[in-house]
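Novice: Letter by letter, the chains look like this.
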Amino acid sequence: MELLNQVTQFVISGLATGAIYALIGLSFAIIFNSTGIINFAQGEFVMLGGVLTIFSLNVLHLPLVAAIVVAVAVTTIIGLVFERLAIRPLKNATPLALIIITIGASILIRGLVMLLWGKDTQALPAFSGTDPISIAGATLLPQHLWIFGVTILVIVGCRLFFNHTISGKAMRACSFNRRAANLVGISVGRMVLFSFVISAAVGSLAGVIIAPLTMTAYDVGVMLGLKGFCAAIMGGMGSGLGTVLGGLILGTLESLGAGLISSGYKDAIAFFILLLILFIRPQGLFKKGETERV
Amino acid sequence: MRKMFAVVGITMLLLCSASAAFAAAPIKIGGLFAVTGPASFLGEPEKNTLELLVKETNARGGINGSKIELFIYDTGGDATKAVQLASKLIKNDKISAIVGPSTTGESMAVIPIAEKEQIPLISCAAGIKITDPVKKWVFKTPANDHVAAEKILIQAEKLKQKNIALITVSDSFGSSGREQLKQMATKRGFKIVADEVYSPKDTDMTPQLTKIKAAKPDAIICWGTNPGPAIITRNLQQLGMKTQVYQSHGVASKKYIELATAQAAEGIMLPAGKLAVFDLLKPSDPQAKLLKDYNTDYKKSYGVEASTFGGYAYDGFQLIAAAIKKGAVTPAQIRDGIEKNGRMVGVSGIFKMSPTDHNGLDLGAFEMVRIVKGDWVIVK
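Protein chains in written order, with our numbering: chain G, 1 to 294; chain Y, 1001 to 1380.
Bear in mind the hints are in silico, worked out from the structure with no lab data behind them. No residue lacks a Cβ here, since even glycine has one placed at the ideal position from N, Cα and C. Any given hint could be a false lead.
Some chain G residues well away from chain Y (every beta-carbon gap over 12 Å; in silico) [unchecked claim]:
{"#": "1", "residue": "S13"}
{"#": "2", "residue": "A73"}
{"#": "3", "residue": "V156"}
{"#": "4", "residue": "K227"}
{"#": "5", "residue": "F279"}
Quick list of the computed label-pair ranges, beta carbon to beta carbon [to be verified]:
{"#": "6", "chain 1": "Y", "residue 1": "K1182", "chain 2": "G", "residue 2": "A73", "range": "46 to 54 Å"}
{"#": "7", "chain 1": "G", "residue 1": "L85", "chain 2": "Y", "residue 2": "V1379", "range": "30 to 38 Å"}
{"#": "8", "chain 1": "G", "residue 1": "G118", "chain 2": "Y", "residue 2": "K1352", "range": "33 to 41 Å"}
{"#": "9", "chain 1": "G", "residue 1": "L115", "chain 2": "Y", "residue 2": "D1285", "range": "35 to 43 Å"}
{"#": "10", "chain 1": "Y", "residue 1": "N1163", "chain 2": "G", "residue 2": "L85", "range": "53 to 61 Å"}
{"#": "11", "chain 1": "G", "residue 1": "L85", "chain 2": "Y", "residue 2": "K1254", "range": "50 to 58 Å"}
{"#": "12", "chain 1": "Y", "residue 1": "I1378", "chain 2": "G", "residue 2": "F286", "range": "53 to 61 Å"}
Here are the simulated SDA-like pairs of lysine to any residue, each with C-alpha atoms no more than 25 Å apart in a straight line [to be verified]:
{"#": "13", "chain 1": "Y", "residue 1": "K1088", "chain 2": "G", "residue 2": "N58"}
{"#": "14", "chain 1": "Y", "residue 1": "K1373", "chain 2": "G", "residue 2": "P125"}
{"#": "15", "chain 1": "G", "residue 1": "K119", "chain 2": "Y", "residue 2": "K1242"}
{"#": "16", "chain 1": "Y", "residue 1": "K1216", "chain 2": "G", "residue 2": "G137"}
{"#": "17", "chain 1": "Y", "residue 1": "K1216", "chain 2": "G", "residue 2": "N5"}
{"#": "18", "chain 1": "Y", "residue 1": "K1255", "chain 2": "G", "residue 2": "D120"}
{"#": "19", "chain 1": "Y", "residue 1": "K1254", "chain 2": "Y", "residue 2": "K1216"}
{"#": "20", "chain 1": "Y", "residue 1": "K1282", "chain 2": "Y", "residue 2": "G1267"}
{"#": "21", "chain 1": "Y", "residue 1": "K1191", "chain 2": "G", "residue 2": "Q6"}
{"#": "22", "chain 1": "G", "residue 1": "K119", "chain 2": "Y", "residue 2": "G1127"}
{"#": "23", "chain 1": "Y", "residue 1": "K1255", "chain 2": "G", "residue 2": "F127"}
{"#": "24", "chain 1": "Y", "residue 1": "K1255", "chain 2": "G", "residue 2": "L4"}
{"#": "25", "chain 1": "Y", "residue 1": "K1201", "chain 2": "G", "residue 2": "L4"}
{"#": "26", "chain 1": "G", "residue 1": "K119", "chain 2": "Y", "residue 2": "V1277"}
{"#": "27", "chain 1": "Y", "residue 1": "K1162", "chain 2": "Y", "residue 2": "E1150"}
{"#": "28", "chain 1": "Y", "residue 1": "K1136", "chain 2": "Y", "residue 2": "A1322"}
{"#": "29", "chain 1": "Y", "residue 1": "K1162", "chain 2": "G", "residue 2": "S262"}
{"#": "30", "chain 1": "Y", "residue 1": "K1254", "chain 2": "G", "residue 2": "M114"}
{"#": "31", "chain 1": "Y", "residue 1": "K1254", "chain 2": "G", "residue 2": "P125"}
{"#": "32", "chain 1": "Y", "residue 1": "K1187", "chain 2": "Y", "residue 2": "M1368"}
{"#": "33", "chain 1": "Y", "residue 1": "K1300", "chain 2": "G", "residue 2": "G118"}
{"#": "34", "chain 1": "Y", "residue 1": "K1340", "chain 2": "Y", "residue 2": "K1187"}
{"#": "35", "chain 1": "Y", "residue 1": "K1136", "chain 2": "Y", "residue 2": "A1332"}
{"#": "36", "chain 1": "Y", "residue 1": "K1216", "chain 2": "Y", "residue 2": "K1255"}
{"#": "37", "chain 1": "Y", "residue 1": "K1254", "chain 2": "G", "residue 2": "T130"}
{"#": "38", "chain 1": "G", "residue 1": "K119", "chain 2": "Y", "residue 2": "G1037"}
{"#": "39", "chain 1": "Y", "residue 1": "K1373", "chain 2": "G", "residue 2": "N58"}
{"#": "40", "chain 1": "Y", "residue 1": "K1373", "chain 2": "G", "residue 2": "I133"}
For reference, chain G alone in the conformation it holds in the complex (with noise of 0.2 Å):
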């Protein structure tokens, strides 16, 4: 019974973690699915939307609801710039190029962060309460609820968006072939900064939600990057529900892990985990080999 009790909560815990990444993986997919190149910038959107918060919060002194819209809006367009500034300019630039520039506007934005509003940690008022609920005998926090909640919100509003919209039919067809979609009249680069609108709001609001919990500080965005980043890998980058899923199994693993393995190798399961899915399944847990056709 005991065991039991221990793993609901193992598992519970490990979910709600999970939530988390699968909402930063998300954000990622969403560059990817229309560029084909990986943004590591994204950890640092997700790291503004929770310090953007705090400050509209304990310096603009508005209120809660008012704090995360100026936060996700200032973000989103602090992506939509990245993308004008550092994306648009090059033309023929390589995928691996642009991931580099990702690389460097990430730790230009963070440097950038730790010196306008410092180095130590905030944290954000819980949005209803910090009362522990209780399920089969494990805990968890009204915060959880709000981060599954809103990924289930951002999962539906994605699919909803990349299937049955004409801006995102067309930003699936930048990512399938860029040249053919730009000989059917679709301004690929006007796509590509869709997606980094949509992935930084998406990105600012996942930081946001977490802040009440996991504290939030300038340098937050990288570890929370890469664990996103794991979890659209083990999606296979592409499909919204792959991505949360791996989301959601890379936070239970790395929870059981913890709890009954060892504590100390936590975040070495995830990365192991990365590391085997690139060498075994490198297009995703959930995702049929792609075929060729000639």
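Here the structure of chain G is known, so what remains is to put chain Y in place on it, guided by the hints.
Specialist: Showing chain Y alone in chain G's frame:
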């Protein structure tokens, strides 16, 4: 004509340098701090404190008529950089003593240079390895981790807690604390029923705590620096665990209570440097006035409360200043002066340096405090 200008010029130059030689030559002191990077919470207040002290000292006319010239470099918390900057301080800037580095790793890396070049090094890092075994040219101002660990275990003994659980961060601060705690706990007859770790950037520690919960300890000792311990405190509340928790001196600041929330932190005990609780000390406490003055000055200059970490640099400078006041000029004289300094009231405690103890602090450096309604209360 041109020749005459040259002659006049040279004469004037000579005169100038001669008159400069009449005033006592400035004493050069170096500072090596992790002002940026992950250990910046240490390096920044240390740098600020040292700059403040030197400014104040020079405004008063220096020590025995010699002004202090300060050279501070940012190591970014990187041991390799710390080594390069240390040799720059010694070879280019020709300093007579170094305050810093901020972390144990950097200090260990810089020690061989200080020893070889025979420059006194006053480390601001807490690791016990720095001054144990004693090295001729190396001192340190923070109390050893094991002093804080001992303080916690003594308190646990008083409360008759037998079975203890450890949760420590997997960086150098945490692993050093973990080793000390394990060693001393077994010696004092405690039983360690759980020994968990977490990494500095972890965002959820409920798995580790669930495991600890199952081991049913009488007390949990957590060893880390923010934000980890604050997250753990919140996780404990989430899991509804009522076990007595001890935190380390690494979180002895109001920031910890703020991050953990006063409600979740209620009843937690920790050994705090006296600076954190200076307004609760008896007026008869020898450190009370010094701590109050330091805090007031720091707040006036930088707009924030002084931190224990800044205190490490404060004590480092005071040790050097005391030696210079007694007539020390060369690095060797400064070293001897520090060692023979005798009793000195500092921020971190009351120092009694000796040839066998280059730290000079004892259990009195910490005050056991309990968190009650978001504030510190000294445990009697």
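Novice: Broken hints, numbered, in rising order?
Specialist: 1, 4, 7, 11, 13, 15, 19, 24, 25, 34 and 36
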